[in-house]
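Colleague: Protein sequences, first through last, are from chains A, B, C and D. Using this note's numbering, the first residue of the first sequence is number 1, and each one after it goes up by one. Using this note's numbering, the first residue of the second sequence is number 1, and each one after it goes up by one. Using this note's numbering, the first residue of the third sequence is number 1, and each one after it goes up by one. Using this note's numbering, the first residue of the fourth sequence is number 1, and each one after it goes up by one.
Hints listed in this document are in silico derivations from the structure and should not be mistaken for laboratory results. Errors might be hidden in some of the hints.
[Claimed, not checked] Okay, derived cross-link-like pairs now, EDC-like style, lysine to aspartate or glutamate, Cα gap no bigger than 20 Å in a straight line:
#1 LYS81(D) with ASP482(C)
#2 LYS289(B) with GLU160(C)
#3 LYS26(D) with ASP96(A)
#4 LYS445(C) with GLU349(D)
#5 LYS371(C) with GLU168(D)
#6 LYS428(B) with ASP454(C)
#7 LYS26(D) with GLU453(C)
#8 LYS608(D) with GLU98(A)
#9 LYS614(D) with GLU98(A)
#10 LYS535(D) with ASP295(D)
#11 LYS169(D) with ASP23(C)
#12 LYS428(B) with GLU107(C)
#13 LYS152(B) with GLU39(A)
#14 LYS104(A) with GLU349(B)
#15 LYS289(B) with GLU102(A)
#16 LYS152(B) with GLU102(A)
#17 LYS614(D) with ASP101(A)
#18 LYS289(B) with ASP101(A)
#19 LYS363(B) with ASP411(C)
#20 LYS169(D) with ASP447(C)
#21 LYS422(B) with GLU160(C)
#22 LYS81(D) with ASP411(C)
#23 LYS51(C) with ASP482(C)
#24 LYS34(B) with GLU105(B)
#25 LYS494(C) with GLU80(D)
#26 LYS614(D) with ASP96(A)
#27 LYS152(B) with ASP96(A)
#28 LYS152(B) with GLU98(A)
#29 LYS608(D) with ASP101(A)
#30 LYS348(B) with GLU102(A)
#31 LYS371(C) with ASP119(D)
#32 LYS26(D) with ASP454(C)
#33 LYS608(D) with ASP96(A)
[What the hints assert, rightly or not] Facing chain B, from chain D, some residues (calculated, C-beta under 8 Å):
#34 LEU11
#35 ILE600
#36 GLN601
#37 TYR602
#38 ALA604
#39 GLN611
#40 LEU615
Note that this is a predicted model, so its numbers are computed, not measured. All C-beta atoms, glycine included, are put in the ideal place defined by N, C-alpha and C.
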Amino acid sequence: MIQNIPLSYFLVISTAMFFIGIYGFLTRRNLITMLMSVELILNSVNINFVAFNKYLFPQHLQGHFFMLIVIAVAASEAAVAIAIIINIYRNFKSIDVENVDEMKF
Amino acid sequence: MNLSDFLTMRHEIVLSVLALLILIIDLNLHNRDKHRIIPISISLFFVYTLVGFLPADKSVLFGGMYQTNPLLVMMKNILNVGVLIVLLQSVTWLKQDANREKISEYFILLFSTLIGMDFMISSGDFLMFFLGLELATIPLAALAAFTHHQTKSAEAGIKLLLNSALSSGILLFGISLIYGSTGSIYFDTITQLYRNTPLQVLAYIFFFTGMAFKLSLVPFHLWTADVYEGAPINITSYLSVISKGAAAFILIILMFTVFKTIAPIYNHILYLIAILTMTVGNLFALRQKNMKRFLAFSSIAQAGFILLGILGGNTMGMTSVIYFVLVYIFSNLGAFGVVSAIAAVTNKENMDDYDGLYATNPKLSLLMMLSLFSLAGIPPVAGFFGKFFLFASAASAGYYWLVFIAVLNATISLYYYLLVVKAMFINKSETPLAYFRSDNYTRIGLVLSGVGIFILGFWSQIYEIINSLSYGILP
Amino acid sequence: MNILNLFIIIPMLTVGGILLTKDLKQSRLVSAIGMGFQLILSFVLVYLYLKERHAGNTAAMLFTYDVLWFPSLNIHYALGVDGISVAMIALTGIVVFAGIFASWKMELLPREFFISLIILASGVFGFFISLDLFTMFLFYELAVIPMYLLIGIWGSGPKEYSAMKLTLMLMAGSAMLLVGLLGIYFFSSPDPHALTFNLLEISKIHIPIGMQRFLFPFTFIGFGILGALFPFHTWSPDGHASAPTAVSMLHAGVLMKLGGYGAFRVAIFLMPEAAHEQAWIFLILTAISVVYGAFSAIVQTDLKYINAYSSVSHCGLVLFAVLMMNQTAMNGAIVQMISHGLMTALFFALIGMIYGRTHTRLINEMGGLMKVIPFLGVVYVIAGLASLGLPGFSGFVAEMIIFVGSFQHTDVFHRVITIIAASSIVITAVYILRVVGTLLLGPIKNDHFLHLEDAKWYERISTITLVIAITAIGTAPYWLTDMINFSLVPIVQKLSSIQLTSLN
Amino acid sequence: MDYTYTLFIPLIPFFVFLVLGLMGHKMPPIVAGLIGTLGLGLSTVLSYFTAINYFWTSHVPETAYASIKGFEVPWLHLTEKLTIHLGVLIDPISVMMLVVITTVSLMVHIYSIGYMKGDPGFYRFFSFLSLFSFSMLGLVLATNIFQMYIFWELVGVSSFLLIGFYYEKPSAVAASKKAFIVTRFADLGFLIGILMLSFNTGTFDFQTLTDPHGPAIAQAGGVAFMGMSVLTWSLIFIFVGGAGKSAMFPFHIWLPDAMEGPTPVSALIHAATMVVAGVYLVARLFPVFALGAPDALHVVAWIGGFSSIFAAMIACTQTDIKRVLAYSTMSQIGYMMLALGVSGYGGEEGLGFMASNFHLFTHAMFKALLFLGAGAVIHAVHSNEIGDMGNLRKYLPITHMTFLIACLTIAGIPPFSGFFSKDEILAAAFRDNKMLFAIEYIVAGLTAFYMFRLYYGIFWGKKTHYHHTPHEAPKVMTIPLLILAFGSVFAGFLPFHNLVTSDGKGFESHIDWMIAIPSVLIGVVGIAIATVMYKSETAIPDKMAQSFKHLYKWAHRKFYMDEVYLFVTRKIIFRYISTPIAWFDRHIVDGTMNGIAGIIQYTAYSIKGLQSGKLQQYAFVFVSGTVILVLIFVYLV
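Just need the whole structure built from these sequences, with the hints factored in.
Modeller: If you want it as structure tokens, here you go:
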């Protein structure tokens, strides 16, 4: 069953997710949404790892492990990010990224 | 895995223990005694730094995920010394009322990032590398946002975190492609399997941009200035010195091992980015009035010089990069130390506030001047030697024009460093900063960096030790 | 203990001594003693050097001292002197000594002033005794940087601008120089593990001609900027005009000589083929310097500007002669360095003293000073006459050696350009006499000047030291030129052997 | 005969100079004056001793006078071949010059004790005089051309110091500057000439250079540039130096102004000694000129001839007595140059050479006498202007007598010495070039005319009214006048043709009456015209001036040479060379440097928008950077 889906499908999906994530990161104004875009990027990476592992190098489990670690790191990253975003909200009364430009030039 | 294996990991293990220990002590301390953590942590860290200097052998753990050898140990030691100075310099700031309750957090977070860097340096595969990288970055974001009542601090935190998340996403994507094209995440295996296929080149670029972000190379540097300005000053010096130094270490290691086959191609890129980084960093630094922002841009320019050593591609290149980072740590910490000492007491960090500083605080001014001269590469202080060897390594690879541009940039950088010197020594001020005595920690920190600035250059032994451990791209 | 080390150690000790002092009186005393020692030491060195030569020692460098510093790069702390550097060291000793006395009344931050001054001096001393290009470069930069503070803090007029300009231009020069030095280093040996910075060893090696073509301009211009090579000389008028007296003295007197000395010791000596090929470009530039500087000096009204442009002209002559690349002209170049060093130091000392009295440096506002300050007036005239090349003073000797030497080339280009450069002696006379005429002679223009005091004892020491040196060289040049000649022989041999091989 | 002692002839004045220069201000003036005079007296004695010794005592009759190096030390080693020596060269012309210089200098020293009495710079004056004497003696004793150049410059500077002696007077300062710079310019020519000559011959030494079979003359052939050989060119350049010092056209403009100096100085430097240095230089190198480069000698002759008539014409119109004498000096030196220029080498051919030196000798005597006399007059009436004088013969009898003798001498009236020397010159010119002879013939008449115009203007005329009665100068001033008058009268009888000749061998010479009588006649005519016009105040001079209005005006304004020079220096050098160069330096060269700094600053400000503070923009730049890197790699791979 899974053999019927070629590797390239997964890669197309993951690449699309990667760029959607970047697009979202560049365009969404809300800090939380931006954080979600980052998660998209990380997930695209996860898909890559798993797909490569499954299709190309099934003898090892390196890709899978990597995926697990990335998920864990993403979670902790999100935790810290949300904490800071709360802090931002306290200070700026907003979580619009446009407002966070006190320091420039 | 036996006891001796733990000994080879002593940096990471001891540091983790330290962090936990501080946490425990903190839990048992009454609120008004929190400041006692400071001497305890610093003395513990000092002991740890000394322990780090114990001789170490080459060994590999966890099936190749973790590796260590004298060179890596030395890199960690260099970072440790830097961190020690940072800790000493941050005491005055930590003792402020606003930070009183968060003292242990400061140490724990700082040590965590250091553990991350140590792991990153010692990593034998991309997994460990990634873990170390994130461990080094995420607590830093928390540290940058340390003063949570300040908007700037929060802004710095979010800018650092989101940017680093993006960059590590891209970096990870690159790693996934490397994995896909070689089937391994182990450095040794990848080194043998790298064939410069287009996919691998693409993967390399993604990976490189992630590193360039850490090292704040142009055009991946834009977060630097804002974060440096917004973060508490000692975090800024940590970011600019330790974090950047670790990134430089790991970058040169990976460039010289994993990606060495791609060197003929990436050298063109490095050439370009080196010029861009030096020039843009300098151009931005030229007109800065805020000392932190000023030093931020100057440290961007300094990162450009590091690329010269990588471009050199030989033993001399690696030696000069490590040596330069060492010198840079001391010089930059000298400058940041003065800025932080002044800011901690007077809360002033603008260049105009430094007018006439020499009249009131001659020692601070002198140290500042020496540090700036060292950053600019003026003899007899160590910066001269650091820059000279970097240039020499680039010249050894035949990049004479690059060296010329780099030295011209050093001249431009001298201009803005002299602006500070001018403010302190030449400008007259109606209201100069009053004379003050820093506390003993700060003074030790400042003296350490001052002594380092002087000794590192003349004491060739240091350079020779580094040189004996370094290696180049070519077998 | 090697005597040459003392040239670094004594300034260090002096700096240490000044740190212990409290006020102007103590710090100037310590400086004067320290630099007095240094002066005596310079002459002891001259004596020992001559003695050694008489004893038949024909090594290229004497009193060599060599410590391996950075083994992996083969960087040494290598010292050694030949007749040329001995002469330059004596010059430096004299000028620094005179400079200390010229700043006897430095009220503002005296300790810092003397420390900076002595660091500057030790950089210069170190440069002249270095055999290793790395240490040479280190000392070179060490000498340049205190300049910023010295001009910036103790200067006058647009001092910050001038200090910055001077420092940055000189640093840009050292940027070029660094490229040149690194290039030389990496081609200093065919064996990549035997690279060296040692001057003497590199001189035995033939640097590939393609590389020489690339590196020579870098090295030469790098040194040339410090030697006020047109069009990179503009730091000099502003810098000198703003600098305090002793700094102008040291800077024009010895620091600018680093340029000429280096151009000759490093650029030409190590890369003779490229030097031969490209000499014509730089000859034209230096000839322009010579004439152009002199013409510019004619219309200036600020004493220091006049002297600064005159320095451009005279230092241009140094580089000009160096580029002629024959023994006589090079000898002349070195004598000219010494001569100009002494003269210009004397000039700047006098300008400082006059300025201290009249509080103006514009010649139009002064006049008839000879009557009120005869001592300074007479010494000024002597300096002027020396500068315009009057026999009996060092300037004449130097210029004549240069012109005769330069004229020994058989081709028309070199000889015509020699004549062009020689024409500067007339222009020099014009501006020197203009100054003397306006400043010292004629009626007194300002009644305030009627009560000026003549030179104090320390001012007399400063000026008389220099005058004695100038006349000593001017009346008995034989020993000096002989000393230099002896050391020039190997250099010229190398140059001429290259000429022969390139002809074949 | 050992001539080492001649070393002391220049050295004694030098030591006197040092003593007076360093310690003079502490001495009473009279002591300073005496030290100076005594020092020079010693030199004079030594010089006379040398002259007698050389010319007569130790000379073997019927042989050529040898050229002897009394003393020589190497001073500066230049190349393998070229070394500058300092030494003493004894030969007929140098010995003759020794006599001339020491005699006149001694007279001037003595005279100055009276003339400078009471001047605050008394010691300074004497120290400068000693310096000058040293330099001039060193110049004539030079063994090689470079030594000559060295002392040449020293002479120039002592002249500068003495002209500007009254340094508080702006005109004196200006004059001294002018003198120095103009001669310096000419010296550049001298230097270039030396460079060329020494390069081609490989020697500085006079003996080698002037050896008829030596390298200089042997290598004379070959055309180098504009149809003349290198040797010719180098000699022309050297002659430029000589012309500068000797105030030949067009370098003469400094000489009249130099009269700003004290009158004894004018007598010594600007009449008798320094200004003839050019003549001496050509005479010194005469064999090279005559045998190696006759073309250069033609230049010398024509410059000399032109200068003499040019100066004579100007002299006729000047009213400042010292200026008249100055132009007269220039005219007479023109004579000497011309004589050298028309001379050949050896024996009778060298008549011009002998005549030139002869005239140099006699001219020194009578011109010094004229100047000193003029000094006495100025001392008496405190003015230089001829209009302020008149009828002084009653008040200044000795001065009057000696002045008259000098005038007769310069006018070439027998049996005064000027007659003999001038006659030889005319004879030499007649033999060689009729055109030049004609010029000189006219000049002889003009000389007599303007000298007597001067004479009558001072000592005759109507004016008798003075603020305070003029009185004769003290003895210390008149005795030198008498001595010099004695010299002027009898110097003509010296057998110069046996002593100072081009090749050292004597030859037979006698007065050619075919030339002498017309020349005396024209002199007499000149005197007569002057007598008619100026003996008593008449309207004739004004009428003459009216009828030759333009010529008079041009001559009176010195043919506008000063204006030409002013134009060249003020307008061209200052305004059109130096000022633009200084401007160029400040605005273009320096402007470029500042401009670079400015551009960097400007760039720094204009790119600041890159750092906008917007997180997403940073990310955008980040991503774009990555994309660009990818594109570059695509291009590279």
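Colleague: Each hint needs a verdict: does it hold in this structure or not?
Modeller: Do the hints match the structure? See the list:
About 15 Å separates the Cα atoms of LYS81(D) and ASP482(C), which keeps this hinted pair within 20 Å; it holds. Proposed proximity of LYS289(B) and GLU160(C) is supported: the alpha carbons are some 18 Å apart, at most 20 Å. Only pairs whose Cα atoms come within 20 Å are accepted, and LYS26(D) paired with ASP96(A) is rejected, the gap being roughly 93 Å. The suggested pairing of LYS445(C) with GLU349(D) is violated, with an alpha-carbon distance near 60 Å, which exceeds 20 Å.
Annotation: proposed proximity of LYS371(C) to GLU168(D) holds, straight-line Cα distance about 8 Å (limit 20 Å). For the suggested pair LYS428(B) and ASP454(C), the alpha carbons sit about 34 Å apart, so the restraint of at most 20 Å is broken. Distance restraint check for LYS26(D) and GLU453(C): the Cα-Cα separation of roughly 19 Å lies within the 20 Å cut-off, and the hinted pair is therefore satisfied. For the suggested pair LYS608(D) and GLU98(A), the alpha carbons sit about 18 Å apart, so the restraint of at most 20 Å is met.
Proposed proximity of LYS614(D) and GLU98(A) is supported: the alpha carbons are some 7 Å apart, at most 20 Å. Simply put, LYS535(D) and ASP295(D) have alpha-carbon atoms about 45 Å apart, too far for the 20 Å limit, and the pair is violated. In summary, the hint linking LYS169(D) to ASP23(C) is not supported, as the alpha carbons are separated by about 46 Å, beyond the 20 Å threshold. Pair hint LYS428(B) plus GLU107(C) holds up; C-alpha atoms about 17 Å apart against a cutoff of 20 Å.
Between LYS152(B) and GLU39(A), the direct Cα distance comes to roughly 26 Å. Violation of the 20 Å bound is thereby established for this hinted pair. Under the criterion of a C-alpha separation no larger than 20 Å, the hint pairing LYS104(A) with GLU349(B) is consistent with the structure, at around 16 Å. Of the pairs offered as hints, the one joining LYS289(B) and GLU102(A) holds, with about 16 Å between alpha carbons and a cut-off of 20 Å not exceeded. Among the hinted pairs, LYS152(B) with GLU102(A) is consistent with the structure: their alpha-carbon atoms are about 7 Å apart, no more than 20 Å.
A distance of roughly 5 Å separates the Cα atoms of LYS614(D) and ASP101(A); the hinted pair therefore holds under the 20 Å criterion. For the hint pairing LYS289(B) with ASP101(A), the CA-to-CA distance comes to about 18 Å; that is within 20 Å, so the pair holds. A hinted pair counts as satisfied when its Cα atoms are at most 20 Å apart, and LYS363(B) with ASP411(C) does not qualify at roughly 61 Å. Between the alpha carbons of LYS169(D) and ASP447(C) the distance comes to roughly 17 Å, so the proposed pair stays at or under 20 Å and holds.
Distance restraint check for LYS422(B) and GLU160(C): the Cα-Cα separation of roughly 8 Å lies within the 20 Å cut-off, and the hinted pair is therefore satisfied. Restraint check for LYS81(D) and ASP411(C): the C-alpha separation of about 19 Å stays at or below 20 Å, so the hint holds. Between LYS51(C) and ASP482(C) the CA atoms are separated by roughly 14 Å; this keeps the pair inside 20 Å, and the hint holds. Distance hint between LYS34(B) and GLU105(B) is fulfilled; the C-alpha atoms sit about 11 Å from each other, no more than 20 Å.
Between LYS494(C) and GLU80(D), the direct Cα distance comes to roughly 18 Å. Compliance with the 20 Å bound is thereby established for this hinted pair. Between LYS614(D) and ASP96(A) the CA atoms are separated by roughly 11 Å; this keeps the pair inside 20 Å, and the hint holds. For a cut-off of 20 Å, the pair hint linking LYS152(B) to ASP96(A) stands: about 15 Å separates their Cα positions. Taken as a hint, the LYS152(B) and GLU98(A) pair is honoured in the structure, with Cα atoms around 14 Å apart against an allowance of 20 Å.
Restraint check for LYS608(D) and ASP101(A): satisfied, since their Cα atoms lie roughly 14 Å apart, inside the 20 Å limit. At most 20 Å may separate the alpha-carbon atoms for a hinted pair to count; LYS348(B) and GLU102(A) meet this at roughly 18 Å. Between LYS371(C) and ASP119(D), the direct Cα distance comes to roughly 14 Å. Compliance with the 20 Å bound is thereby established for this hinted pair. A hinted pair counts as satisfied when its Cα atoms are at most 20 Å apart, and LYS26(D) with ASP454(C) qualifies at roughly 16 Å.
Straight-line distance between C-alpha atoms of LYS608(D) and ASP96(A) comes to about 23 Å, which puts the hinted pair past the 20 Å bound. Hint status for LEU11(D) relative to chain B: violated, with the closest Cβ pair at about 53 Å, above 8 Å. Hint status for ILE600(D): holds, given a least beta-carbon distance of 7 Å to chain B, under 8 Å. A cut of 8 Å between beta carbons decides the hint on GLN601(D): the least distance to chain B is about 7 Å, and the hint holds.
Given the 8 Å rule on beta carbons, the hint for TYR602(D) is violated: about 10 Å separates it from the nearest Cβ of chain B. Of the supplied interface hints, the one on ALA604(D) holds, with its beta-carbon coming within about 4 Å of a beta-carbon of chain B, less than 8 Å. With its C-beta approaching chain B no nearer than about 6 Å, GLN611(D) sits inside the 8 Å limit, and its interface hint holds. Taking 8 Å as the C-beta contact cut-off toward chain B, the hint placing LEU615(D) at the interface holds, the least distance being around 6 Å.
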